[in-house]
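With chain X fixed as given, assemble chain W onto it according to the hints.
2 protein chains.
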Amino acid sequence: MSNKIRLGIVGYGNLGKGVELALSQNPDFELEAIFTRRNPENLSAKSKMVHISEIESYREIIDVMILCGGSATDLPQQTPEIAKMFNTVDSFDTHAKIPEYFNVLDKVTKSSGTIGLISVGWDPGLFSLNRLLGEAVLPRGKYYTFWGKGVSQGHSDAIRRVEGVKDGVQYTVPIESAINKVRSGKNVDLSAREKHERICYVVPKEDADLEKIKNEIINMPNYFSDYNTTVNFITEEEMNKNHKGMPHGGFVIRTGVTGNDTKQRMEFSLNLDSNPEFTSSVLLAYARAAYRLSKEGQTGARTVLDIPFSYLSPKTGEELRKELL
Amino acid sequence: MSNKIRLGIVGYGNLGKGVELALSQNPDFELEAIFTRRNPENLSAKSKMVHISEIESYREIIDVMILCGGSATDLPQQTPEIAKMFNTVDSFDTHAKIPEYFNVLDKVTKSSGTIGLISVGWDPGLFSLNRLLGEAVLPRGKYYTFWGKGVSQGHSDAIRRVEGVKDGVQYTVPIESAINKVRSGKNVDLSAREKHERICYVVPKEDADLEKIKNEIINMPNYFSDYNTTVNFITEEEMNKNHKGMPHGGFVIRTGVTGNDTKQRMEFSLNLDSNPEFTSSVLLAYARAAYRLSKEGQTGARTVLDIPFSYLSPKTGEELRKELL
Numbered sequence: 002m003s004n005k006i007r008l009g010i011v012g013y014g015n016l017g018k019g020v021e022l023a024l025s026q027n028p029d030f031e032l033e034a035i036f037t038r039r040n041p042e043n044l045s046a047k048s049k050m051v052h053i054s055e056i057e058s059y060r061e062i063i064d065v066m067i068l069c070g071g072s073a074t075d076l077p078q079q080t081p082e083i084a085k086m087f088n089t090v091d092s093f094d095t096h097a098k099i100p101e102y103f104n105v106l107d108k109v110t111k112s113s114g115t116i117g118l119i120s121v122g123w124d125p126g127l128f129s130l131n132r133l134l135g136e137a138v139l140p141r142g143k144y145y146t147f148w149g150k151g152v153s154q155g156h157s158d159a160i161r162r163v164e165g166v167k168d169g170v171q172y173t174v175p176i177e178s179a180i181n182k183v184r185s186g187k188n189v190d191l192s193a194r195e196k197h198e199r200i201c202y203v204v205p206k207e208d209a210d211l212e213k214i215k216n217e218i219i220n221m222p223n224y225f226s227d228y229n230t231t232v233n234f235i236t237e238e239e240m241n242k243n244h245k246g247m248p249h250g251g252f253v254i255r256t257g258v259t260g261n262d263t264k265q266r267m268e269f270s271l272n273l274d275s276n277p278e279f280t281s282s283v284l285l286a287y288a289r290a291a292y293r294l295s296k297e298g299q300t301g302a303r304t305v306l307d308i309p310f311s312y313l314s315p316k317t318g319e320e321l322r323k324e325l326l
Numbered sequence: 002m003s004n005k006i007r008l009g010i011v012g013y014g015n016l017g018k019g020v021e022l023a024l025s026q027n028p029d030f031e032l033e034a035i036f037t038r039r040n041p042e043n044l045s046a047k048s049k050m051v052h053i054s055e056i057e058s059y060r061e062i063i064d065v066m067i068l069c070g071g072s073a074t075d076l077p078q079q080t081p082e083i084a085k086m087f088n089t090v091d092s093f094d095t096h097a098k099i100p101e102y103f104n105v106l107d108k109v110t111k112s113s114g115t116i117g118l119i120s121v122g123w124d125p126g127l128f129s130l131n132r133l134l135g136e137a138v139l140p141r142g143k144y145y146t147f148w149g150k151g152v153s154q155g156h157s158d159a160i161r162r163v164e165g166v167k168d169g170v171q172y173t174v175p176i177e178s179a180i181n182k183v184r185s186g187k188n189v190d191l192s193a194r195e196k197h198e199r200i201c202y203v204v205p206k207e208d209a210d211l212e213k214i215k216n217e218i219i220n221m222p223n224y225f226s227d228y229n230t231t232v233n234f235i236t237e238e239e240m241n242k243n244h245k246g247m248p249h250g251g252f253v254i255r256t257g258v259t260g261n262d263t264k265q266r267m268e269f270s271l272n273l274d275s276n277p278e279f280t281s282s283v284l285l286a287y288a289r290a291a292y293r294l295s296k297e298g299q300t301g302a303r304t305v306l307d308i309p310f311s312y313l314s315p316k317t318g319e320e321l322r323k324e325l326l
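As you go down the protein sequences, you meet chains X and W in turn.
Under our numbering, the first residue of the first sequence carries the number 2, and numbering increases by one thereafter.
Under our numbering, the first residue of the second sequence carries the number 2, and numbering increases by one thereafter.
Bound conformation, chain X alone:
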């Protein structure tokens, strides 16, 4: 028997593929199978593809399952089912529904003796950790989260639903002057419009009314009307050449005061050329933690806030103290 952590991946979209790729940098894992709802025979992958209906037969073979489905419908339905049989790690990111999702999973995992580690990624995830650290260390202060520059999938989808649009992508861009205002420690209140702008690249259909497309986008409620939005029309070639990547990133800034109004600032930022590949790498590091917690006999739901960083590393405590402290 190998000493490696035996891993399963559920879902083979961008995230699942990212986890598969990240394994080459993490030799303490061994991928046992990737589970899919599609016909596995139709998928070309280096790894072993298995239909999701067979997942139960892997009960004794897999230590941790990384769930790579979407938060809207996949995870709320899949996770509690799979957590009955396996330790799970997922990137559930519907912020408002996290408490409920946690409670459901906590019950399941406690009764089945597994670990369910939820909402792993960068926001929620690493950004949440920094929001918590900021308010714990500087209680008298304020945190600010900026996102981007990066592609928002939801906003890009919204553009593509507009009549006359053949293809479209939306970048969320943090406004530099707002970041600088925050960094100055002025404790400012910023509206949505003051923090981010939205820049759209649109490939129109032939003979489409460009002015109409533009107006429909910039006035779209919830998505664009509360922001300064720019719409750029481009060719399909340009779209495919320059806008098919998935960069993202952002900043969590905590400004606060200590003592007699002494200014202090903490800042965490990410600059990612691929959002899904980075999220996958975070998922894999936390799969290591889920495995260890389970080995210790722990059960129940957890979030990144509950996990010591030492559990994310393949190194021993002794090595970490020597090399990193």
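Calculated directly from the structure, the hints in this document are not laboratory data.
Each hint should be verified, as a subset may be incorrect.
The list treats identical chains as interchangeable, and a pair is accepted whether it falls inside one copy or across any two copies.
Said to hold, decoys possible - With a straight-line Cα cutoff of 27 Å, these simulated DSSO-like cross-link-like pairs (lysine-lysine) come out:
id, residue 1, residue 2
1, 242, 5
2, 85, 296
3, 143, 18
4, 206, 323
5, 98, 245
6, 215, 49
7, 206, 167
8, 85, 323
9, 85, 108
10, 108, 18
11, 108, 296
12, 245, 316
13, 111, 47
14, 111, 296
15, 242, 264
16, 213, 323
17, 108, 316
18, 187, 245
19, 264, 167
20, 316, 5
Using the frame of chain X, we list chain W on its own:
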């Protein structure tokens, strides 16, 4: 009986004073006493000052002791003694000696049933956490630590020992172009001289030989000779007006690649107007964690790498998930 965490502070220098100040922002603590080697009657403080020889009589009265002595001689001698009676938190920062210090304290605390949380602060401390997170998430990559702009106590002391110097202060300054090189993800190797420069402000004694002072400083081995060093001569008034603060800060930058050489970057930075006040605030947040670990019945030595962030906050897990994830 109060539900507050009953705190003791050992040592009343900059750090101890910082902890005392930070308590006003952390109402779940109650300060029981500050212990000092000096004659407590000679110290003017709002808080109860007690001579260190009486510390044992506080055994049942104090939940956690924050040790604010120096790493060179105070802590290696004090901590193992005090940890026999109390849970302790300290900011031991002699990087090379941390493994040994940890092992000594681990033995003491395991046999006395206490928690000894060591090397808490920002480096070692929050910077160590970010070095670990960086290598766990992006194993194929490199981390860079830059310090400053900030006052280095050791280098300032070295200046003040030079003949003809009345007063002096040294700022460690990270070199902007080096930070930008790192941020570009080029995976560069940087020498000490390329990463930081050293800027000195010196008040000369009357009739001192300025050229001689300058040469002695910039050629001083270990401290200055490996760096580009600038020496500015100033008046005593200017020194007192502009250079008596203790600002500091720095950056931990992790650059790495995922998948097929996709660039990713993580960055954590601090910008502190008072180094000791910030360190004190970190110590107090981790004192909360030490208290909780002890309440759970845990014993032994710990570092920041072993502590989940949720233990740093006075909020419940439910509140944290709702507000910060």
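* Earlier hints that do not hold, by number -> 1, 4, 5, 6, 10, 12, 13, 16, 19
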